[in-house]
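Engineer: So the protein sequences, as listed, match chains A and B.
Counting in our numbering, the first sequence runs from 284 upward without gaps.
Counting in our numbering, the second sequence runs from 284 upward without gaps.
In short, the hints are calculated from the structure, not lab data.
Be a bit skeptical, because a hint or two may be false.
Given that identical chains are not distinguished, each listed pair holds provided it fits within a single copy or across any two copies.
What the hints assert, rightly or not - Here are the simulated DMTMM-like pairs of lysine to aspartate or glutamate, each with C-alpha atoms no more than 25 Å apart in a straight line:
(1) K347 to E335
(2) K356 to E328
(3) K317 to D298
(4) K347 to D298
(5) K293 to D330
(6) K347 to D318
(7) K356 to D334
(8) K317 to D334
(9) K323 to D298
(10) K347 to E328
(11) K323 to E355
(12) K323 to E294
(13) K323 to E343
Please read all numbers here as calculations on a predicted model, not as lab measurements.
Each chain, letter by letter, is given below.
There are 2 protein chains.
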Amino acid sequence: MRVRILVSFKESVLDPQGQTVKNALLTLGYSSVKDVRQGKVFEIEFDGISDEDARRIVPEIANKVLANPIIEKFAWEILGEAKQV
Amino acid sequence: MRVRILVSFKESVLDPQGQTVKNALLTLGYSSVKDVRQGKVFEIEFDGISDEDARRIVPEIANKVLANPIIEKFAWEILGEAKQV
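Here chain A stands alone, though its shape is the one from the complex (with noise of 0.2 Å):
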């Protein structure tokens, strides 16, 4: 099973990597750019495990070592079973 995690600050941190990104893109020319937010992905290929297995196992491992708990928020779903493109 495949599953993509995403993690991200919360609202209320700041996330000067993507200020940055939002100020390159504005230098650029693309004025349209209101705000960027930058975070991780992190895809996870688990051997043998059920949809129920996932739902425990992946918030756990979210919270102990994908993310800081303090300062990100993360949000997980399952790709399928298949490897990815």
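Starting from the known structure of chain A, fit chain B onto it as the hints suggest.
Structural biologist: What follows is chain B alone, placed relative to chain A:
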């Protein structure tokens, strides 16, 4: 309009961050983890652009600023008009 862009290494490119996370998870006892790939996610809010504008602007931004097209690939989707929580 709010757009999400996922940037990750091409499959043929080594992903040391993903490998480190994979090793950490295996060390913690998550033996069902087979592979981990890490990438970046950008959420960009645009002001007053159409879907057609987005289809022109977003790939341009991704190739010029967000991703290094030599070693990275990107995928994107429109999240909608409303701000995500």
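Engineer: Against each hint, give a clear statement of whether it holds in the structure.
Structural biologist: Here's how the hints hold up against the structure:
no. : hint         : verdict
1   : K347 to E335 : within (19 Å within a copy, 41 Å between copies)
2   : K356 to E328 : both (21 Å within a copy, 19 Å between copies)
3   : K317 to D298 : within (14 Å within a copy, 31 Å between copies)
4   : K347 to D298 : both (21 Å within a copy, 21 Å between copies)
5   : K293 to D330 : between (31 Å within a copy, 22 Å between copies)
6   : K347 to D318 : between (29 Å within a copy, 18 Å between copies)
7   : K356 to D334 : within (21 Å within a copy, 28 Å between copies)
8   : K317 to D334 : between (38 Å within a copy, 16 Å between copies)
9   : K323 to D298 : both (12 Å within a copy, 14 Å between copies)
10  : K347 to E328 : within (18 Å within a copy, 30 Å between copies)
11  : K323 to E355 : both (10 Å within a copy, 14 Å between copies)
12  : K323 to E294 : both (15 Å within a copy, 17 Å between copies)
13  : K323 to E343 : both (17 Å within a copy, 21 Å between copies)
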